[in-house]
Amino acid sequence: MEMHEALQASWEPKIVAFLCNWCSYAGADLAGVGRIQYPPNTRTIRVPCSGRVNPLFILRALQNGADGVLVSGCHPGDCHYLSGNYAARRRFAVFSRLLEYVGIEKGRLHFSWVSAAEAGRFAEVITEVTEEVRKLGPAKRLVKKKVE
Amino acid sequence: MGDSSKQIREAARKLFEENKVDLIIGFEDGSLPLRATPCFIRRGEDAERLVWNSFCENNLATYLPKKKGKTGIVAKGCDSRSIVGFLKEKQIERENLVIIGVPCEGMIDRKAVEERLGEREILSVEEGPEEIVVKGTDYEEKMKKEDLLPESCRICTHRNPVLYDVLIGEALEEQKVADPFELIREFEGRTAEERWAYFCGETEKCIRCYACRNACPICYCEACYVDSSEPQWFGKSIESTDTMIFHIVRAFHTTGRCVDCGACIRACPMDVDLRFLNKKIEKDVLELFSFEAGEDPDEPPPLTTYKQDDPEEFIK
Chain U
0 MEMHEALQAS WEPKIVAFLC NWCSYAGADL AGVGRIQYPP NTRTIRVPCS
50 GRVNPLFILR ALQNGADGVL VSGCHPGDCH YLSGNYAARR RFAVFSRLLE
100 YVGIEKGRLH FSWVSAAEAG RFAEVITEVT EEVRKLGPAK RLVKKKVE
Chain B
0 MGDSSKQIRE AARKLFEENK VDLIIGFEDG SLPLRATPCF IRRGEDAERL
50 VWNSFCENNL ATYLPKKKGK TGIVAKGCDS RSIVGFLKEK QIERENLVII
100 GVPCEGMIDR KAVEERLGER EILSVEEGPE EIVVKGTDYE EKMKKEDLLP
150 ESCRICTHRN PVLYDVLIGE ALEEQKVADP FELIREFEGR TAEERWAYFC
200 GETEKCIRCY ACRNACPICY CEACYVDSSE PQWFGKSIES TDTMIFHIVR
250 AFHTTGRCVD CGACIRACPM DVDLRFLNKK IEKDVLELFS FEAGEDPDEP
300 PPLTTYKQDD PEEFIK
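Keeping their order, the protein sequence lines are chains U and B. Going by numbering that gives the first Met the number 0, the first residue of the first sequence is number 0, and it counts up by one from there. Going by numbering that gives the first Met the number 0, the first residue of the second sequence is number 0, and it counts up by one from there.
Chain U extracted, bound-state conformation (with noise of 0.2 Å):
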């Protein structure tokens, strides 16, 4: 029982954050460059576009044991590719409210929007999201069971 309230304890949440190349990442690079210190818990996965993020990304992430999955892009009217965050957002209206229909905590699933510029918000964000997942605990649902 101590092992496992100590195991509690040192849990930190693991976070899959897709980020878009020409805005979000940037804003993660940028963040960095002005030290700006945000949670440690995102494993930045680079896409050329939220757009770009099948939804297919994020279950996979969830199976194999992320806590939580950030999904961060360009602001509407900034994609670089002219409308491939429309169609996300979109995309994303309709696949966040089956998962949690299906009962996938609401907290796993995050959207976000943030400019190359915005490096305070891209900390805020992360901070955010990390914090959320935290509350929810380890993610339990559609985590594959490893086989022994």
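Rather than coming from a laboratory, the hints here were simulated on the basis of the structure. Given the structure is predicted, the values throughout are model-derived calculations rather than measurements. Glycine included, every Cβ here is placed at the ideal spot set by N, Cα and C. You can trust all of the hints, since none of them are fake.
Partial list, computed: chain U residues near chain B (C-beta under 10 Å):
id : residue
1  : Pro54
2  : Arg88
3  : Ala92
4  : Glu104
Based on the hints, put chain B in the right spot on chain U.
Leaving out everything else, chain B in the frame of chain U:
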């Protein structure tokens, strides 16, 4: 119903005589009672085989993509809406298609009949306007048709084909349904734990035979994500999370495309409640983008288009 069969045959014969079609897809009597089976007619004289009754449940639109030449098709409301979907997605060409529209009062759910009879074997079925008479060796039972409809027919608001070249009989009055999403709203009201438990219970039944995908008219992709091994999106076993991901993504792929024809439910050998996912998406697409599948062939599918002011309350 008998009249409709006659009229379909006549229409089919006429189409062959006038050389308007190379093939007609319709229904013929199945080899078992309570069954009608899809049939493919290539000559006018074979039109005699065509029938219409309350067992013509399959969505014939499933056979349309990849068909060469001029094709005629017998289409009820849901079939015609699937055809609209194909036109929208540029899978078929309208000029190569002759639609024989048939107004439909709902198809009988075979499982509901069998449930009422228990172990008793069905030898023959006679269909009247309001009821069916099921006969076996030592029994005869009358059942009201309206009690035997599956949920998707019970709340159907598209009994008449939305698109047709020939209409068989007269158009029916459409049903007034107070809330087609009643069951979905009730489910949404449950707690996350309850919803998760239900989802687990339903997916646990699944044997991953993919019959739902094969029966579904909109699952026409040459390469499906479930068969893909590079990348292998998820495991091929019946491990519970793999099955869940299969069901989530299968449902997601119906976004803005499912017309609630019920083909997946009928095909499922394990009685998985597939509709509770499809219908939820149908509801959300209507709420979010005011879009309903199978209405206007010229309106783009909702996930291929956008508006600048689409809802985004879920985005930080």
